[in-house]
Amino acid sequence: MKKESTYYIEMTLYYIILFLILREWLVPVVELTSTGHLELLLLFIAIAFLLNIFEVSFLISWVIKIVYISWFIVRVYTDGTVFSGAGIQFLVTDIRTNIALLLAGDWEVVTDPFRSLLFFVLIWMLIYLIHHWLTVRKTIFYFFVLTVFFISTLDTFTTYDGKAAIVKVVLLGLMMTALLYMKRLITQTGTTFAFSKYIRYILPMTITIVVVGFIAVLLPKAAPQWPDPVPYIKNLSGKGGQNSMSQVGIGEDDSRLGGSFEADDTVVFTVHSPDKQYWRIETKDFYTSKGWESITDGINDEYEVLQEEAFTSILPNMNEEAKSAYVYPEIDRAYVLQPYGIMSVLFDEPDVRLYQERGTERFNTKSPDGSNRPLTQYEVVYSAPEYSYTQLKTPVTNSELMYIDQRYLQLPEELPDRVRTLAADTVEGRKTDYDRAKAIEQYFKRSGFTYETDDVAVPAEDQDYVDQFLFETKRGYCDNFSTSMVVMLRSVGIPARWVKGYANGTEVDKTDEGLRVFEVENNDAHSWVEAYIDGIGWMPFEPTIGFVNQSDINFDMELNESAPEELLREQDLERQQIEQEVKEQEESEKQAAQKKRSSSEGSGSTWIVLIIPALLIVLAIVGIKTRRKWMPKVYIQAQRRKPSSPSTIQSSYKVLMRQLGFLGLKRKPDETLHAFAARVDGHFGTNDMSKVTAVYEKTIYSKEKGNIQFEEIKESWEYLINRTTG
Amino acid sequence: MQEHIQAVLENIEKVMIGKREVAELSIVALLTGGHVLLEDVPGVGKTMMVRSLAKSVGANFKRIQFTPDLLPSDVVGVSIYNPKTLQFEFRPGPIVGNIILADEINRTSPKTQAALLEAMEEASITVDGETLSIQKPFFVMATQNPIEYEGTYPLPEAQLDRFLLKIRMGYPSVQQEIEVLRRAENKQPIEEITSVMTVEELLSLQQAVREVYIEDSVKGYIVDIARATREHSRVYLGVSPRASVALMKASQAYAFMQGRDFVKPDDVKYLAPFVFGHRLILAPEARYEGVMPEQIISQVIEQTFVPVKRFADS
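In the order they appear, the protein sequences are chains R and H.
To convert, take the position in the first sequence, counting from 1, and add 241; that gives our numbering.
To convert, take the position in the second sequence, counting from 1, and add 107; that gives our numbering.
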């Protein structure tokens, strides 16, 4: 059977497209498994496709493929002894041992050459399948869908970035689908196409796909509904930590920060507290350049503590009387909210034990058998630390830093130098650790950063989370700010750690005892910074724009008579600034509360602006879709008003034909009107169409067309029109 | 005027069972002034058909039975020496009449066939240099056995063209055949039918048929079909313009019979196989494959668009 040259051109075109699609399978596999030798694998596919195009006989094609695979394995795994006796012997022994391993069930230990062999077989099978789809089924749709699914899965669950791949695959796949659809049409209808004509059909199709693809790439895209489904799925399956944590709020896994932050106003706790304050849960110390982990080995073990001895490295203020806050969890949580300066965690449940994690300072409540055991309510006793301004502003003489664990100074090796440079520049000229920390904290408020929860960037594989935020995006939420500050602090030698917890929440009420009632939502989940100020201890800082958490600073400079004028002025300035910040914060909270209350009305008007055009569009679509239902009624009304004339008959007959067309009753080109009418009448079981048609025929075939009255057929016509709408 | 036609049809139906279509087509030819070729095996009622038609019209009916030894003079007539007047006198043959049944014309020699066909074409006969025109109406209904039969002289194409329609009779259905037997028990009904139309009336009907209106778009439809037969790959020779004219005239008559004063494409579509069927010469290989010309014509019609607009509008 001799094939025309156009056949080969056509098949070559198909296989080129398929090759490009298949390439997108291999690239991630090679990248993720570090298999290597992508070119050689692609060459194998190319050879297999060529053999398919020219329909080389089975035997020859098998021999070629097997030879190629052998050549590949020998070349890659031995020292280039291609097809020497040694090479073949290597192959044979390798296959023999591995088959023995497989038969013994030792799947894990098969050797790399054998794995490669299996991989080749897999590709071979895939190619065969593609060949079958292409030549027999003439549809590649399954393969197309499979590819898209494969790449998106890899993109989601692995580090592979399939953004470009997916665009390529969709464009190529659409192209292929369209080409094959055309091919199917050609075979079905039995038409033959000259090559030039073929091109004329392909060209507009290609242009359309490319233009659509181009526009699609350029269009702005909505942020993903799920920031990243992996932690979510883990949560669902119960792996992510105790209870079901939402994608917002406090999650266990902070090793990959970034991405959007979805609002969730579920109330997590209600707290009755004398003070408005931040609630600490845990600290993390190990920065991975993508997020936070805690050094688990050895340090992160737990030990049981007494209810009255729940201390953290934030020591209580012994000069003040201890206060009590009462926590009422709304959602079961097995950890304890810590106010700054915590001393005791008091609860009545006798069989619950209190544990503290050494590395993170987190308090967990557990049953005697070691399982997590959330408390229904508990009292925390605390006394918030107070920091002396004088002390903060005095350079230390006896450094305590040697006692601080080195893990609080850890930084990844690959941290870009510009982060260190920036930190050094920021703190330049500051005399005390406090001043330096404050300088970094203030840096974020001055340098064009914006607070943003939507569409926050995720660092790419070779990108540092902090570096990306500081130098490229400059937009983000608490995690971005706090992580950056910790990294900057560490890079200038100040020990620092990353703190997770909740911000103060919304004050909703007052209890009879005069305690303030705060509702803490998942939205209030927060992260901030604690820095070790030499000579003073751990002190919280709040770099995030729009959040205020002022440590209690005792502005005691006046007491120090020797204090220089300059420092006093500075103190005033800082005090004012703090007051200002607190005021602003309160102001904005008030506004937020107001906004929340009026949001239902406020958003109404903007919605209407969107809804009206949307409604109009929907109406128009519905109108067009149902036009055969309502248009005839319009026609009938219009017809009644028109004067009766042959042209009226012609136009009304046309309307009738169109209506019948909606029912699939279409006149074939070789069908006479009479025959068509008989068919229609057969369909409806009437003779009205023949009546109408007889009159219509008169208007087009007879000599005089002037004296025909529409009235003769009006009844039949209206009847038929109504029938077509039913 | 249509009632006369109805009466003729009824008359024929009294004699012929289940042959309304053949009767209608015969009347179409009669009204058009054309001739009919009935082709079928013997004994299906071809002769009876013609006789009942002739009797209904009340016209002069003549019958010529063609045999291989029939001479042209047996058809057109012969001059005989009259001893009394001492002159040759012309004795007209059976062809001079109104309705002529030419039975089994393909059984006679081509020379005799030619004589008949010339008379049909010219509506006149020429004997010894003298031309005698035949009075109207002049309607020949010829029958022939299928050409595959032995002892036949197939009519040449040019002569087939003289016939307006070629009709096949076909066998009756079971019911119809039983009815045929039942009637055969009694007296032949042909004896009972009487004339329901005079020759004058027939002539005026012929005139009326010529006045039936045919829209230009419908004429275009006829031409389209005719042209398509000429371009068809399995046709050696397509139909002539004369055939197109014949189809138009036949369509007028058919429309008239339907009580219309205008021609519809339906008329054309219906008549095309009867008018064109015997005028096509199929390509040899098509003939060997046993393709009938009527099949080709149905194909052609299927591929021709029906006009649904006035010519001026399109």
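Hint data in this document are derived by calculation from the structure and do not stem from the laboratory.
Just so you know, these numbers come straight off a predicted model, no measurement behind them.
Careful: at least some of the hints might be erroneous.
[As the list claims (entries may be wrong)] Distance condition first, Cα-Cα at most 25 angstroms in a straight line; then the derived SDA-like pairs of lysine to any residue:
id, chain 1, residue 1, chain 2, residue 2
1, R, LYS944, H, GLU318
2, R, LYS907, H, GLU318
3, R, LYS932, H, GLU298
4, H, LYS326, R, LEU547
5, H, LYS326, R, ASP646
6, R, LYS932, H, PRO199
7, R, LYS409, R, ASP703
8, R, LYS564, R, TYR596
9, R, LYS634, R, ASP646
10, R, LYS909, H, GLY327
[Said to hold, decoys possible] Listed next, the stretches of chain H that the computed footprint assigns to chain R, with coverage defined by at least 3 CB atoms under 8 angstroms from CB atoms of chain R:
id, stretch
11, 316 to 328
12, 370 to 378
13, 403 to 410
Yeah, the Cβ is synthetic: ideal placement off N, Cα and C, and Gly gets one too.
Straight-line Cα separation of LYS326/H and LEU547/R no greater than 25 angstroms?
violated (112 angstroms)
Under the criterion that the straight-line Cα-Cα distance not exceed 25 angstroms, is the pair LYS634/R, ASP646/R satisfied?
holds (24 angstroms)
Would you mind confirming whether the straight-line C-alpha gap from LYS907/R to GLU318/H stays at or under 25 angstroms?
Violated. LYS907/R to GLU318/H sits at ~34 angstroms, over the 25 angstroms cutoff.
LYS909/R and GLY327/H: Cα distance at most 25 angstroms?
Given that 25 angstroms is the threshold and the Cα spacing comes to 18 angstroms, the pair holds.
For LYS944/R and GLU318/H, compute the direct alpha-carbon distance and say whether it is at most 25 angstroms.
holds (11 angstroms)
Pairwise hint evaluation, GLU298/H against LYS932/R, where the allowed Cα distance is 25 angstroms at most
violated (41 angstroms)
Restraint status (C-alpha distance of LYS326/H to ASP646/R at most 25 angstroms):
Roughly 107 angstroms separates the two Cα atoms, so the pair is violated.
Can you take a look at whether the stretch 370 to 378 of chain H is actually covered by chain R? Rule is 3+ residues, C-beta closer than 8 angstroms.
That given contact holds, which follows from 5 residues of the stretch 370 to 378 of chain H lying within Cβ reach (below 8 angstroms) of chain R.
Can you confirm whether the C-alpha distance between LYS932/R and PRO199/H stays at or below 25 angstroms?
It is violated: about 53 angstroms lies between the C-alpha atoms, which goes past 25 angstroms.
Going straight from one Cα to the other, do LYS409/R and ASP703/R come out at no more than 25 angstroms?
OK: LYS409/R and ASP703/R at ~23 angstroms, within 25 angstroms.
Are there three or more residues in the stretch 403 to 410 of chain H whose C-beta lies within less than 8 angstroms of some C-beta in chain R?
Answer holds; 3 residues pass the 8 angstroms Cβ test.
Satisfaction of hint between TYR596/R and LYS564/R, Cα-Cα up to 25 angstroms
OK: LYS564/R and TYR596/R at ~22 angstroms, within 25 angstroms.
The structure shown violates the earlier hints numbered 2, 3, 4, 5 and 6.
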